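If you read the protein sequences in the order shown, they are chains A and B. Heads up: the first sequence begins at 0 in numbering that gives the first Met the number 0, then just goes up one per residue. Heads up: the second sequence begins at 0 in numbering that gives the first Met the number 0, then just goes up one per residue.
These aren't lab readings, by the way, just hints derived from the structure by calculation. Remember, predicted model here, so these are calculated numbers, not experimental data. Even for Gly, the Cβ is constructed at its ideal location relative to N, Cα and C. You may find that some hints are simply not true.
As the list claims (entries may be wrong) - Distance windows between CB atoms, simulated:
hint, chain 1, residue 1, chain 2, residue 2, range
1, A, G61, B, A184, 55 to 63 Å
2, B, L160, A, G162, 41 to 49 Å
3, A, T173, B, L245, 56 to 64 Å
4, A, G162, B, P61, 53 to 61 Å
5, B, A249, A, D74, 28 to 36 Å
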Amino acid sequence: MVNQPPALHAEALTKSYGAVRALDGVSFTAQRGEVTAILGPNGAGKSTTIACATGLIAPDAGTLEVLGQDPHRADAAHRARVGVMIQDGGLASGARALQLLRYGAGLYRAPRDVDELAERLGIDAFAGTLVRRLSGGQRQRLALALAIVGRPELVFLDEPTAGMDPAIRREVRTLISQLAQEGTAVVLTTHLMDDVVGLADHVLVITRGRVVAGGTVEEVVATHQSRRGTLTLRATATGVPAAAAPALRADLEAAAARHGVALELSTGDAADLEAVLLDVMDESGRSTENEEAR
Amino acid sequence: MTTPAAPASPAASAGAPGPAAPLARIAQHALFEARGLLSNGEQLMVAILLPVGILVGLVLLPIGRTAGAAPVDTAVAATAATALVSTCFTSQAIQTGFDRRGGVLRWVATTPLGRSGYLAGKILATLMVHAVQVVVLGAVALALGWRPEALGLLAAVPVWLVGTAAFGSLGLLVAGTLRTEAVLAVSNIVFVLLVAAGGIAVPAQSYPPLLRAVVELLPSSALGDLLRACLAGGEVAAGALVVLPLWAIAGTMLVVRSFRWTSV
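Full structure from sequences and hints, please.
Structure, rendered in structure tokens:
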């Protein structure tokens, strides 16, 4: 892997919407076989970064290379190598779930087995349901399936686990890990620390269009440790059924141990988690209730 | 839900990953769209049931008839124009407007289909729906006594194609520039106005002089006049031969210039 060029290299991307600076010099690299997580609050610039990288919008300045090409000049062959799950789904509301997945698969020369993918993501349970009648989590699963059905080399997942129940979320994380193990470069945005700690090989923390931290989870935490000591990062347990809690806890603890991060399950909501890493990197140095020195 | 082995790696699977052939992608999208149009109750009503109702109504009622032409011939011409406007303008505007709001157009742009493939598939889907309309309406018309002349049918083909371009581009213009709620209202209201008072159900020649001058400038009136000339033996209105292509050109240019792929 180390000798291969990165799947994605962005350098000093800037993008403004009128007076609002959505991206302000964002640079990062995503490697094949790794999960790169872009973490930040709503409006931080995560989705704009993905939109630039997928060729949906052009940055005002900066350079961008995706699988060796400029995504804004991408042809069909290039687009087939890149899978995209956009935040609002982009699903035709009048179609039925499995019908839409089969349609998506038909755009590729050698797609994944649709039935296997549908079973894997639990789409078979709502195969005949109209998209407009699907729940948020069901839509997310369908959008994820459409993003990977063409067996892409690089996949962008914008908030892939948002709205999913814990059991499905766990399955989706496993699937994302396996994609990376197969050599796929995965770039995901999230504001869930669980996704970062459990999945990411690299983390990019963005706020107000600027990268405020980057590196492995350990590196990001270590940067803060050097200033303030060791951290305990709290992960949410909200909405986890009692039966699923032990398995989820075991997963999180294993992931936290792997990354050298102390973990504490709390009952706070997901929005609290978003604040954790951002507060960690807060240049002002104020302490928060989500961190504690040991 | 089960947890099977990891999905096959690209290298291990038969066939290398990549896009399907261009024509296969366009055909895939066209079939998807056509199936969506014909399986949606509201769209089915606009594309098939409404034109059938108009056909039967115009045969039975003394509306829009021209001297020397059989009532069923003028009814078929008016119905063909109605079906074309409903499919190319109203249905496409509504479907594309909702696709735009739902982010479908953004997603499509990231797939091997791309924006050009999406539009090509949409045009093909429209032609597929037209084919279904021709079969259904033709069968009903034949049952009502319609006996078309081959030359007239042949002459109607270029009119049909130019009309598809004109109303298809206008439908996309509405879908790509207005908010979805406005798309729904505008496309339905305009459809009703064009059919009822735009020279389709009733020829512009039947209107008072001042109103006639305005109606004859509409694409609906040009389409109605040309189809009546082809299918009901009416006179070819020279103005219609200019008006309809001009709308097609203007509509296409405006779409290229103004269509927004994302909703505001």
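Hint check:
no., hint, result
1, G61/A with A184/B: 55 to 63 Å, "violated, 42 Å"
2, L160/B with G162/A: 41 to 49 Å, "holds, 46 Å"
3, T173/A with L245/B: 56 to 64 Å, "holds, 59 Å"
4, G162/A with P61/B: 53 to 61 Å, "holds, 59 Å"
5, A249/B with D74/A: 28 to 36 Å, "holds, 31 Å"
Hint 1 from the earlier list is the only one contradicted by this structure; the remaining hints agree with it.
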